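Single-letter residue listing:
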Amino acid sequence: MSKTVKDAIETIPTDEINSISLSLVRSEILTKVIEYCKKHNSAQMSDVDLMDWDVEFANVHYTTLFDLVLSANYMNINCLLDLVCGKIADMIKGKTPGEIAKLFDIKDVSTYEEDN
Amino acid sequence: MLSTGHDDVISSLPDAVLCHILSFLETKEVVATSVLSKRWTRLWDSVPLLNFFAELSDREAYFRFNEFVYSVLLAHKTSIKRCTFDILYDNYHLAHLGFPNVIKWINAVVQCGVERLYIYIESYDNIFKLPISILSCKTLVVLDISTLTAKGFSSVRLPSLKILRLNETNFLNVQDLVLLLAGCPILEELLALHLEFDSDDSLTYQELESLSLNKLRIANLAGTICHFPLKALHNVELLDIEINKVYRSFDDISTFHNLTNLRLYSNNCNMNLLVKVLKHCPNLQNVELKQGSAIGMVEDVMENWVDPTFVPQCLSLQLKTCIMRHFLGQESEIQFTRYILKNARVLQTMKIHCGEDLEIEKELSLCPRASSTCELIIIQ
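As you go down the protein sequences, you meet chains G and V in turn. Under our numbering, the first residue of the first sequence is numbered 1, with each subsequent residue one higher. Under our numbering, the first residue of the second sequence is numbered 1001, with each subsequent residue one higher.
Rather than coming from a laboratory, the hints here were simulated on the basis of the structure. Please read these numbers as outputs of a predicted model, since none were measured by experiment. A virtual CB, placed ideally from N, CA and C, is assigned to each residue, including glycine. One or more hints might be untrue.
In silico PhoX-like cross-links for lysine-lysine, where the CA-CA straight-line distance does not exceed 20 Å [to be verified]:
no.: 1; chain 1: V; residue 1: Lys1081; chain 2: V; residue 2: Lys1138
no.: 2; chain 1: G; residue 1: Lys107; chain 2: V; residue 2: Lys1038
no.: 3; chain 1: V; residue 1: Lys1290; chain 2: G; residue 2: Lys95
no.: 4; chain 1: V; residue 1: Lys1290; chain 2: V; residue 2: Lys1351
no.: 5; chain 1: V; residue 1: Lys1104; chain 2: V; residue 2: Lys1162
no.: 6; chain 1: G; residue 1: Lys93; chain 2: V; residue 2: Lys1351
no.: 7; chain 1: V; residue 1: Lys1342; chain 2: V; residue 2: Lys1320
no.: 8; chain 1: G; residue 1: Lys95; chain 2: V; residue 2: Lys1028
no.: 9; chain 1: V; residue 1: Lys1104; chain 2: V; residue 2: Lys1129
no.: 10; chain 1: G; residue 1: Lys32; chain 2: G; residue 2: Lys3
no.: 11; chain 1: G; residue 1: Lys102; chain 2: V; residue 2: Lys1038
no.: 12; chain 1: V; residue 1: Lys1362; chain 2: V; residue 2: Lys1351
no.: 13; chain 1: V; residue 1: Lys1362; chain 2: V; residue 2: Lys1342
no.: 14; chain 1: V; residue 1: Lys1081; chain 2: V; residue 2: Lys1151
no.: 15; chain 1: V; residue 1: Lys1162; chain 2: V; residue 2: Lys1231
Pairwise CB distance ranges (calculated) [said to hold, decoys possible]:
no.: 16; chain 1: V; residue 1: Pro1014; chain 2: G; residue 2: Ala43; range: 32 to 40 Å
no.: 17; chain 1: V; residue 1: Leu1191; chain 2: G; residue 2: Asp47; range: 19 to 27 Å
no.: 18; chain 1: V; residue 1: Pro1159; chain 2: G; residue 2: Tyr62; range: 39 to 47 Å
no.: 19; chain 1: G; residue 1: Ala43; chain 2: V; residue 2: Gln1175; range: 30 to 38 Å
no.: 20; chain 1: V; residue 1: Ile1360; chain 2: G; residue 2: Lys6; range: 50 to 58 Å
no.: 21; chain 1: V; residue 1: Ile1378; chain 2: G; residue 2: Met91; range: 47 to 55 Å
no.: 22; chain 1: G; residue 1: Trp53; chain 2: V; residue 2: Lys1151; range: 45 to 53 Å
With these hints in hand, go ahead and build the complete structure from the sequences.
Pasting the structure below:
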């Protein structure tokens, strides 16, 4: 599922692999990523159940979501990336710039008028 | 205004990731984020996806929307990978005003090398014509259009198109539809729902034989009543199609070697014809028959069932499920069901949907079954 890991496995000769370096991913986040990959690789759940599971999985504080986004991006896991980006987009949808700034603690909100 | 110590986390995400997040939003909302901070200002016009949604019922809304779309298209810096226009013109006058603008927008997007294009434009009278520029777009991979008229084109070159979805599209005649499809050599999925044709001209034998879509795997022609060149569908795996009196003789159609799932819509339940169809589908596993076509009419038919002298290969070896909807309980239908039950050796499910007052359960459950694991389900 992770293209980064797949590429690493394919380029390094198998006898020399002891560990693949994922230095940019913190251990708590890596645990969550592994949980996601395991769930999506097992054939046990129906599509509908898997969707429900995904919704639950992504129902975390936005700082965790951002960590997940960065990890999914770094490890090249497209379905996880889409899930988390979609969730963040949902948080942005329907909000005014002021509300978005407040939600994500963006402090550099410009003061010129919105144009649309 | 600025607090230099804190760097909010979301703004520190890399450009590509932020753009990916923005790509899930309507363009209107993407543009709104440009005021969040300087960081965001330079992002919005790099999002390679554009989604324009609008319901326009008054002039003010119409002008604002027009201005918005033009300004986005002009400002856009990168190539546009995907673009959606989902516009309802709730006013006859506005539709006519808006139409030339829509053409310009679509032309602009086509020039930007768009790969996936979705056009849903609704207006009271179906005046929106498909801009011809789309039909020679080398980069197009997905084209999904609804309620447009496709007329006045003479050459089609869509070398990258894999998915074509047409909904309620109006053509001059079947020849034009064939011309369109002939320009899509690597097409894999075709949806052609409720197409309408101005004239009933039928295709010549040459025209019927010439169209070949070798990569086509999925075809759904529900609601489209015409003499479609079946030879073009010879490699499909999944097929939804209207069976009507036009396909009278099934002896000269090609065999559908890869077809595993077939859904037939029929207006006059010619059950003998159905058996002939099965003969041409040696690997069919699932078949579904809907009486009364996708348009919803059912014609009264008197027909005599004749016991076929052959058993189609799919019945002996492959057919697992058979579903019949809007079962009327006519004699030929019952005989057909009996024939299937008697000959389908690996059948697992025979499901029949019919009206509440029809009493067929007893009669059908007594029919001899070739498959010992076959379950007969009657849903009323």
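Here's how the hints hold up against the structure:
Using a Cα cut-off of 20 Å, the hinted pair Lys1081/V and Lys1138/V holds, with the two alpha carbons roughly 13 Å apart. Restraint check: the Cα-Cα separation between Lys107/G and Lys1038/V comes to about 11 Å, which is no more than 20 Å; the hinted pair holds. Between Lys1290/V and Lys95/G the CA atoms are separated by roughly 46 Å; this puts the pair beyond 20 Å, and the hint is violated. Taken as a hint, the Lys1290/V and Lys1351/V pair is honoured in the structure, with Cα atoms around 12 Å apart against an allowance of 20 Å.
The hinted pair formed by Lys1104/V and Lys1162/V fails the criterion: a straight-line CA distance of about 25 Å is larger than 20 Å. A distance of roughly 44 Å separates the Cα atoms of Lys93/G and Lys1351/V; the hinted pair therefore is violated under the 20 Å criterion. For the hint pairing Lys1342/V with Lys1320/V, the CA-to-CA distance comes to about 14 Å; that is within 20 Å, so the pair holds. The hinted pair formed by Lys95/G and Lys1028/V meets the criterion: a straight-line CA distance of about 12 Å does not exceed 20 Å.
Between Lys1104/V and Lys1129/V the CA atoms are separated by roughly 12 Å; this keeps the pair inside 20 Å, and the hint holds. Pair hint Lys32/G plus Lys3/G holds up; C-alpha atoms about 17 Å apart against a cutoff of 20 Å. About 16 Å separates the Cα atoms of Lys102/G and Lys1038/V, which keeps this hinted pair within 20 Å; it holds. The suggested pairing of Lys1362/V with Lys1351/V holds, with an alpha-carbon distance near 14 Å, which does not exceed 20 Å.
Our distance criterion of 20 Å between C-alpha atoms is met by Lys1362/V and Lys1342/V, whose separation comes to about 16 Å. With a C-alpha separation of about 26 Å, the suggested pair Lys1081/V and Lys1151/V falls outside the 20 Å cut-off, and the hint is violated. Of the supplied pair hints, the one linking Lys1162/V and Lys1231/V holds, its CA atoms being roughly 19 Å apart against a limit of 20 Å. Between Pro1014/V and Ala43/G the CB atoms are about 34 Å apart, so this pair conforms to the stated range of 32 to 40 Å.
Taken as a hint, the range 19 to 27 Å holds for the pair Leu1191/V and Asp47/G, whose Cβ atoms sit roughly 21 Å apart. At roughly 43 Å, the beta-carbon separation of Pro1159/V and Tyr62/G lies within the given 39 to 47 Å, and the hint holds. For Ala43/G and Gln1175/V, the hinted distance range of 30 to 38 Å is not satisfied, since their beta carbons lie about 47 Å from each other. A C-beta distance of roughly 55 Å is found between Ile1360/V and Lys6/G, which places it inside the suggested range of 50 to 58 Å.
Under the hint 47 to 55 Å, the C-beta atoms of Ile1378/V and Met91/G, about 49 Å apart, fit the expected range. At roughly 48 Å, the beta carbons of Trp53/G and Lys1151/V sit within the given window of 45 to 53 Å.
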